[in-house]
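J.: Spelled out, the chains give:
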Amino acid sequence: MSTWHEIGNIQDIPQRASRLVQTEEGDIAVFRTSNDDVFALADRCPHLGGPLSQGIVHDATVTCPLHQWKIDLKSGEAIAPDEGCAGHIPVKVESNIIYIEL
Amino acid sequence: MKEKLVLVGNGMAGVRTLEELLKLAPDTYDITVFGNEPYGNYNRILLSPVLAREKTIDDIMLNDISWYEDNNITLHTGKEITQIDRINRKVIAADGTTAAYDRLLLATGSHPFIIPIPGKNLNGVITFRDIHDVEAMLEAAGQYKNAVVIGGGLLGLEAAYGLRTQGMDVTVVHLLDSLMERQLDKPAAALLKHQLQEKGLNFKMEAQTESILGAERVTGVRFKGGEEIDADLVVMAVGIRPNIELAKASGIHCERGVVINDTMQTYDPRIYAVGECVQHRNETYGLVAPLFEMGKVCANHLANLGYARYEGSTPSTKLKVTGIDLFSAGNFNGDDSTEEIIVQDQSRGIYKKVVIKDDKIAGAVLYGDTVDGSWYFQMMKDNTDISEIRDQLMLGQHHIGDAGHGGQNAAAAMSDDMEVCGCNGIGKGEITKAIVDKGLFTLDEVKSHTKAASSCGSCTGLVEQLLVATLGGDYSATPTEKPVCKCTDHTHDEVRAGIRKQKLTSIEAVRDFFDWQTPDGCASCRPALNYYVLAAWPAEAKDDPQSRFINERVHANIQKDGTYSVIPRMWGGITNPDELRAIADIADKYKVPTVKVTGGQRIDLLGVKKADLPPMWADLNKAGMVSGHAYGKSLRTVKTCVGQEWCRFGTQQSISLGVDLEKLTWGSWTPHKYKMAVSGCPRNCAEATIKDFGVVCVDSGYELHVGGNGGVKVRATDLLTKVATEEEVKEYCGAFLQLYREEAHYLERTAPWIERVGLASIKKIINDNEQDRQALNERFLVSQQYSQIDPWAERASEGVEAYEYAPIKVIKKEAAK
Ligand code: SRM
Ligand SMILES: Cc1cc2nc3c(=O)[nH]c(=O)nc-3n(C[C@H](O)[C@H](O)[C@H](O)COP(=O)(O)OP(=O)(O)OC[C@H]3O[C@@H](n4cnc5c(N)ncnc54)[C@H](O)[C@@H]3O)c2cc1C
Ligand code: SF4
Ligand code: FES
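Heads up: the sequence lines are chains R and H, in that order.
Note that the numbering used here has the first sequence beginning at 772, numbered continuously upward.
Note that the numbering used here has the second sequence beginning at 488, numbered continuously upward.
FYI, nobody ran anything at the bench for these hints, they're computed from the structure.
Just to be clear, a hint being listed does not mean it is correct.
Here are the computed lysine-lysine pairs in the PhoX-like style, where the Cα-Cα straight-line distance is at most 25 Å [what the hints assert, rightly or not]:
#1 K938/H / K841/R
#2 K1217/H / K841/R
#3 K1250/H / K863/R
#4 K845/R / K1296/H
#5 K925/H / K938/H
#6 K863/R / K1296/H
#7 K686/H / K841/R
#8 K841/R / K1047/H
#9 K845/R / K1250/H
#10 K1078/H / K1096/H
#11 K1217/H / K845/R
#12 K1047/H / K1078/H
#13 K1209/H / K969/H
#14 K973/H / K841/R
#15 K1097/H / K841/R
#16 K1299/H / K841/R
#17 K673/H / K632/H
#18 K735/H / K542/H
#19 K491/H / K841/R
#20 K1251/H / K1296/H
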């Protein structure tokens, strides 16, 4: 059964940056964009597993640090012509507190 | 309501303009397209391989009907616009269809020229322009024997070759004594003719066609002087004329073409024109690369951005006949004001000529070995001063050294299964297939679709050759100056100048000032802009960590498993037992899996967890060590040899000089990484002649070498100058580094930078003008005041950017319940 987990205040993530949530099922990258949207993806690039949390965030996209694939934060899908998906995790922000659903 | 945009001419230039427009402003217009031909948009260039049955019509479709539907474009195929009603702003087709416009785009291409001689309308007399023509030729090839192609230019020869491969006996008739006279000089043309004869073509040179014979279908051709030859098919390929009838009839000012200004507007400001139908600054064009540049500029204005300008193009050519390698660009014939360097190897069928004017390349013709075509072409467009490399010019770029693609330099000689990109394992066949099937035109497109040339880049030259060989033009190298990235059309130099002039001190300010097309920029432009503002305004600009690549953001190199490596500075390669003991203890304490001596004379601790970085740095700081910037576009290492301090041959104190240079320059951010070395004598044990700045000590002083590069493409340094004292070495070192910091493009190392601008121009600033040199050095020293702060110390003990190193949350199973 999935539940919502509080993970911290939106201010704890700088704009255009990402921070990690460590879980026993693997790391999750939580991103904050320049207009304060928050997204969460598995911290594994669909290419060769690069840590997306370490990439550069621009608009609602992250560029993987290892070989520069671009991943759409909204869906977790790689942007064409690349193909693949970094599992996308539901997020909500209430009164500046971020929750993710696991 | 949306404005209405109507395109007349569903060809390569018009549709490319729409594609560029949709990228910039997808929702601005209701778009309607009229095309005379009954198809979507196809790649006209590849009609030649279709004729040779190397490709099919389906292969060469660029935008099929569904593309128009997907983008809500109304497409009228097979309809010719015969009238533009400029007063009521609508176009009218031959069948009566009309469409209203707010803005109109003309891209009507050109007409093949038909020589006005008797018999020109007989059956079997055709031109070579569209799918219909190719189908007619293929049909004739199936039924008849003798073909005559009138015109020995690019198109004529491609038609002739295609018909020959279909089994016809082909004679090429040419008015002059030399083939392709607009692209080749006489010696190259002679080689070409010889090679085409070997492929089975016949030639009739200096022959003027007087009439075409036959009653209903052509039976022969008669020349001036009375000679006749048999023909069942005559292809006229004597040139093209811009198709301006429609524009002219509508009262739009035309000369040879539809006259347009630098923003692609005709004399009627609502009407734009692009492609072969236009005349810009008195030039007309018949190749695709310039048309695509026009399309980009036109889209910029249609999207109401309004800042791009078209200033003309310098096209280069290539013939798409399998097995023939020729390249031509610029003023290849030369004139009274030029000089020529020629290399000729008759038995290998190789001929190369470079035309030089005022120490710049003005043109080139290459036959048989075209590897260096794009190199010459690039230097020609960059206006590079070649006086310093003149003696090596004809040996080619690769003689300076090359690695990473198995020593291959000629893509044409490779078989389809041979590997082109060694990083990603991509073969030649895969790349050429992608170029055709996916309709790719530029190096960037090939990179993103195939991944070839997208990693270390050493195979870029091969991929460019494959593009040229497949498409017959140089697309990748245009325009002369590349924009910073896809978020803007502005070039690196424009942006840098704007930052200085307008005092732009943040990335946001730059994006605002230059109207960036994306709100945030991207992973390419953000690091570049961050560097540019810091380099221009060291005191005022604030570093943006989110615009740095991960390595620079966390001051350690990311490894393939997501761990990091830590390399402390070891000044000039010197260490001592205390430092080594500290490193050993730290390696134990943090369970570092690998300790390695690097190629840069220091020690690498590999496999460190991110969270361990700050405490580890604190321990290294305690032992007196600071960041080695092994991760940065910054000063890396200064290699030294033991020199006069120990060596029996040493002429100067190379160790201490190396240490001094490293203390002077560490911490400075640079366009790309920057490496130095000091060798104690010309034996050069510190390999100073492949460094960005290398010092070779000699008895009488110090030789200063610049622009060396190990790595992907080995380049030995150029000698900048020789000086007598250590003080001068330091001044030149600071001045050269600062010049590089101020002038080079982001991610351009000193080697390509020097090759682009020419050593002479650098010498002029640094050697010839003491004041300029000193001013540069002073600017360097000022900027160092702001950058010589150990980033590790800030993070280890002052809590800078602490959020980088700890997870925001750890979720345990128990907690989940
Ligand atoms: C560690 C080291 C290899 C070693 O174990 O010896 C190394 C490791 C890497 N090199 Fe290097 N290079 C190392 C010395 C060199 C040298 C030798 C030298 O400096 O004398 C060269 C050739 C000399 C030169 O640069 O001209 C070298 C040419 C490259 C290149 C090609 C640069 C080029 O201009 O062609 C790259 C790729 C790049 O920078 O884009 C590269 C990139 C890399 C990267 C950063 C790849 C990456 O992006 O992750 C590697 C980082 C591994 C890591 O985490 O440490 N490394 N690399 C060496 C570190 C030296 C140091 O102490 O800082
Ligand atoms: C066989 C061949 C090989 C070539 N090889 C190369 C090469 O190797 N490299 C290179 O760079 N270039 C090459 N070219 C040239 C290149 O194809 C042209 O430069 C390019 O296609 C011109 O684009 P355009 O949009 O201006 O014209 P076109 O592509 O000709 O498009 C114009 C379109 O407008 C339509 N049209 C015209 N008038 C009207 C009207 N009144 N109403 C409706 N529709 C109209 C025409 O039917 C046509 O479809 C080659 C050309 C040919 C024919
Ligand atoms: S260390 Fe350098 S040569 Fe070795 S694999 Fe990495 S980038 Fe390639
Ligand atoms: S692992 Fe992300 S691009 Fe390769």
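J.: CA of K1299/H to CA of K841/R, is that 25 Å or under?
T.: Cα-Cα ~30 Å, so violated.
J.: Taking 25 Å as the top limit, are the C-alpha atoms of K1217/H and K845/R close enough?
T.: violated, 52 Å
J.: Check whether the Cα positions of K973/H and K841/R lie no farther apart than 25 Å.
T.: holds, 14 Å
J.: Below or equal to 25 Å on CA atoms is what counts here, so check K686/H against K841/R.
T.: violated, 48 Å
J.: Hint check: K841/R vs K1047/H, CA-CA at most 25 Å. Holds or violated?
T.: Distance ~17 Å between K841/R and K1047/H Cα, so the pair holds.
J.: For the pair supplied as a hint, K845/R and K1250/H, is the alpha-carbon distance within the 25 Å limit?
T.: Outside the cut-off at roughly 52 Å; violated.
J.: Is it true that the CA of K845/R sits at most 25 Å from the CA of K1296/H?
T.: Holds, because 21 Å separates the two Cα atoms, which is no more than 25 Å.
J.: Between K1251/H and K1296/H, is the straight-line Cα distance small enough, at 25 Å or below?
T.: violated, 58 Å
J.: For the pair supplied as a hint, K863/R and K1296/H, is the alpha-carbon distance within the 25 Å limit?
T.: holds, 16 Å
J.: Given the hinted pair K1078/H and K1096/H, is their alpha-carbon gap at most 25 Å?
T.: Between K1078/H and K1096/H the Cα gap is close to 10 Å, so the pair holds against 25 Å.
J.: Does the structure keep K925/H and K938/H at a Cα separation of 25 Å or less?
T.: holds, 14 Å
J.: Given the proposed pairing of K735/H with K542/H, does the C-alpha separation stay at or below 25 Å?
T.: Violated. K735/H to K542/H sits at ~37 Å, over the 25 Å cutoff.
The structure fails hints 2, 3, 7, 9, 11, 13, 16, 17, 18, 19 and 20 (numbered hints given earlier, in ascending order).
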